[in-house]
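Asker: As a plain string of letters, each chain reads:
2 protein chains.
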Amino acid sequence: MLISPYGGELVNLLIDEGEADELRSEANRLPSVQLTERAVCDLELLGVGGYSPLNTFMNQQDYQCVLEEMRLANGTLFPVPVTLPVDADASVSLDQPVALRDTKNSLLAILEVEEIYRWDLDREALAVLGTLDQRHPLVAEMHGWGALNLSGKLRAIQLPHHADFRGLRHTPAQTRTALESKGRQNVVAFQTRNPLHRVHEELTKQAAESIDGALLLHPVVGLTKPGDVDHYTRVRTYKALTDKYYDRDRVLLSLLPLAMRMGGPREAVWHAIIRRNYGANHLIVGRDHAGVGDYYGAFDAQEIFNNPLVKKSLIINIFAADHTAYSKKLKKVVMMRDVKNHAKDDFVLLSGTKVREMLSNGQELPSEFARKEVAEILMDYYQSR
Amino acid sequence: MLISPYGGELVNLLIDEGEADELRSEANRLPSVQLTERAVCDLELLGVGGYSPLNTFMNQQDYQCVLEEMRLANGTLFPVPVTLPVDADASVSLDQPVALRDTKNSLLAILEVEEIYRWDLDREALAVLGTLDQRHPLVAEMHGWGALNLSGKLRAIQLPHHADFRGLRHTPAQTRTALESKGRQNVVAFQTRNPLHRVHEELTKQAAESIDGALLLHPVVGLTKPGDVDHYTRVRTYKALTDKYYDRDRVLLSLLPLAMRMGGPREAVWHAIIRRNYGANHLIVGRDHAGVGDYYGAFDAQEIFNNPLVKKSLIINIFAADHTAYSKKLKKVVMMRDVKNHAKDDFVLLSGTKVREMLSNGQELPSEFARKEVAEILMDYYQSR
Numbered sequence: 001m002l003i004s005p006y007g008g009e010l011v012n013l014l015i016d017e018g019e020a021d022e023l024r025s026e027a028n029r030l031p032s033v034q035l036t037e038r039a040v041c042d043l044e045l046l047g048v049g050g051y052s053p054l055n056t057f058m059n060q061q062d063y064q065c066v067l068e069e070m071r072l073a074n075g076t077l078f079p080v081p082v083t084l085p086v087d088a089d090a091s092v093s094l095d096q097p098v099a100l101r102d103t104k105n106s107l108l109a110i111l112e113v114e115e116i117y118r119w120d121l122d123r124e125a126l127a128v129l130g131t132l133d134q135r136h137p138l139v140a141e142m143h144g145w146g147a148l149n150l151s152g153k154l155r156a157i158q159l160p161h162h163a164d165f166r167g168l169r170h171t172p173a174q175t176r177t178a179l180e181s182k183g184r185q186n187v188v189a190f191q192t193r194n195p196l197h198r199v200h201e202e203l204t205k206q207a208a209e210s211i212d213g214a215l216l217l218h219p220v221v222g223l224t225k226p227g228d229v230d231h232y233t234r235v236r237t238y239k240a241l242t243d244k245y246y247d248r249d250r251v252l253l254s255l256l257p258l259a260m261r262m263g264g265p266r267e268a269v270w271h272a273i274i275r276r277n278y279g280a281n282h283l284i285v286g287r288d289h290a291g292v293g294d295y296y297g298a299f300d301a302q303e304i305f306n307n308p309l310v311k312k313s314l315i316i317n318i319f320a321a322d323h324t325a326y327s328k329k330l331k332k333v334v335m336m337r338d339v340k341n342h343a344k345d346d347f348v349l350l351s352g353t354k355v356r357e358m359l360s361n362g363q364e365l366p367s368e369f370a371r372k373e374v375a376e377i378l379m380d381y382y383q384s385r
Numbered sequence: 001m002l003i004s005p006y007g008g009e010l011v012n013l014l015i016d017e018g019e020a021d022e023l024r025s026e027a028n029r030l031p032s033v034q035l036t037e038r039a040v041c042d043l044e045l046l047g048v049g050g051y052s053p054l055n056t057f058m059n060q061q062d063y064q065c066v067l068e069e070m071r072l073a074n075g076t077l078f079p080v081p082v083t084l085p086v087d088a089d090a091s092v093s094l095d096q097p098v099a100l101r102d103t104k105n106s107l108l109a110i111l112e113v114e115e116i117y118r119w120d121l122d123r124e125a126l127a128v129l130g131t132l133d134q135r136h137p138l139v140a141e142m143h144g145w146g147a148l149n150l151s152g153k154l155r156a157i158q159l160p161h162h163a164d165f166r167g168l169r170h171t172p173a174q175t176r177t178a179l180e181s182k183g184r185q186n187v188v189a190f191q192t193r194n195p196l197h198r199v200h201e202e203l204t205k206q207a208a209e210s211i212d213g214a215l216l217l218h219p220v221v222g223l224t225k226p227g228d229v230d231h232y233t234r235v236r237t238y239k240a241l242t243d244k245y246y247d248r249d250r251v252l253l254s255l256l257p258l259a260m261r262m263g264g265p266r267e268a269v270w271h272a273i274i275r276r277n278y279g280a281n282h283l284i285v286g287r288d289h290a291g292v293g294d295y296y297g298a299f300d301a302q303e304i305f306n307n308p309l310v311k312k313s314l315i316i317n318i319f320a321a322d323h324t325a326y327s328k329k330l331k332k333v334v335m336m337r338d339v340k341n342h343a344k345d346d347f348v349l350l351s352g353t354k355v356r357e358m359l360s361n362g363q364e365l366p367s368e369f370a371r372k373e374v375a376e377i378l379m380d381y382y383q384s385r
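Taken in sequence, the protein lines are chains B and P.
So the first sequence is numbered by the numbering used here: it starts at 1 and just counts up by one.
So the second sequence is numbered by the numbering used here: it starts at 1 and just counts up by one.
It is possible that part of the hints are untrue.
In this list, chains with the same sequence are indistinguishable; a pair is considered to hold if it fits within one copy or across any two.
Below are the DMTMM-like pairs computed for lysine to aspartate or glutamate, each with C-alpha atoms no more than 25 Å apart in a straight line [said to hold, decoys possible]: (1) Lys239 to Asp164; (2) Lys354 to Glu17; (3) Lys332 to Asp294; (4) Lys225 to Glu37; (5) Lys225 to Glu22; (6) Lys239 to Asp380; (7) Lys225 to Asp21; (8) Lys225 to Asp164; (9) Lys225 to Glu19; (10) Lys311 to Asp345; (11) Lys239 to Glu19; (12) Lys225 to Glu17; (13) Lys354 to Glu209; (14) Lys153 to Asp346; (15) Lys311 to Asp228; (16) Lys332 to Glu37.
Simulated from the structure, these hints should not be mistaken for laboratory data.
Just so we're clear, the structure is a prediction, and the values are computed from it rather than from any experiment.
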């Protein structure tokens, strides 16, 4: 009933318990690679099928096609590299298995090393992010990545451990089951790395309404932009909102363990692929979606969906959102470009800086801007810093 | 009133807010090193003075003295290397500052790179851990460390972010203030990476009683042994116990963001130094303290405190604990070596494997073995896996 997964079926790399027990003892004798937080996120999404049809860290052929043509070697649209870089002196050998461990050394997976290849920082950064500037947080991070990428058959022994918000974490298969129970064929996903304010609430509700569909509120809780409000705080705001202000029969709040690249347009397409795997056939794409600094134009991430390859491949619809605000004249949240005869003062507009300043000083936010439950959580957060 | 910090005063690397703001903007133009979870833990303890008098990642001279003689170059006893390894091709240069970022790229500190030196895996592993066997979890991890260590002046801009249990996290200075309010000069610290059972409860209470002192319940929540119960679950058991079964005027529960090395005897001495910085003048050292596998003898970690250098330097007393269990004959928890005329069946003994099996199957633990509040939390944990 929901849209099919990207590529037809969901990848699932988790092996059964019997095999896992065998591999656990085998792993003690294998060399290990300690994954970064980013690689742990990627491994989780590979394992549960969030990146379907991709089923392992990219091999060289896929990687090069992704950089040059935004597709896998078999022609499937795929805009962002998902790679496993290791140091040049890592203890790995071709055709040998290696144990992949999380940042605390817990065993997560076994990778049969079928390829070890060099990658080029400048080429990847320019292709995916459009810049070599180290003020771009991913470019800065890439300078610390190892020189070689590993690829090969991947078997997941256990998913990364999350102690927080377990009830809000769902695999694509679980998400689909939960969405199906809402009884609507259409699903619009909303991607966010920020607390939700009234404008986001209205935007998501209107989007769901317009397609007579369900809403998948799908915040990123892996890696986002450095400096963002931490996900513990954000998730509390999402819970407060969905508990009280959304129609429970229509909304599913679920946490996505994605490591963002801040890759603007290419990342927006990637978000659409991922959300399709989670069962959404629509995605809201805002101004400067997945952007950082001014490396991308404000509408690049919307326009890329007009690219013929993207258009042909995705089979998911985009809601292009622009600046929204509360109109004092119309007494409701509007898309600013849509209303006539409005001056700046006719809107309730607060910059992020202003919001942080008010909350740090214990000033309440206007109720047209944020729900009071959300404002309280954020005030706690800013005042405890 | 409490014992003085090790080396006389607590190190504090956190700079004031004004300087921090300046460094934050400067950091955008600097090369970055993304720290591992382990290095983030070490940075936090360096920053707050948990490793006093050490005030940065070790330089080559200190490092070599620590390996060979268990002391810093100035003669101070210090048993465990605290280093910052980076890849050979990391973007760092001598006499240049580098931004240290956490696993999610948040800025934590600036390091003036005053030394870059090679280190030797075999030499360090043998000196500190006594083995080269890759089944030792730290040896396995070390194979993934970069080839060069960095050292130099370290300025902390902000402490690593912890969203959980903030009320239970204290710097050494805060811990000392809290302990002083207990009004006792003697403090015994208890180190643990496991849930607490009745035997631990009795052991800690008896130790505090015997010195008429306060108890610092000081569980490690940084990195412990792979496979341990996660700290979220463990801390819930510690809270349940201290809320209900300990004398609040006498106990302080505080979480230590330490990255353990599983280094047995050397690590035990390190634990004593750290606890002295937190205000304790006694430490409980159990059988196979900080051990793993059978790399250390059961009492090595107690005997090392008889080493003349250790004895002379530490000025902290050790409670040497052995196997404890509930005696059905005496109806109390006893140190097994201390009681006469007991057969194995006279004790309530449960192996870790048996406990896990019972909890996974929903069987209750005997009340002589675990408090019911603790057993319930652990049952949730094992049944949710």
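Asker: Which constraints among the numbered hints does this structure fail? Numbers only, ascending.
Answerer: 3, 10, 11, 13, 14, 15, 16
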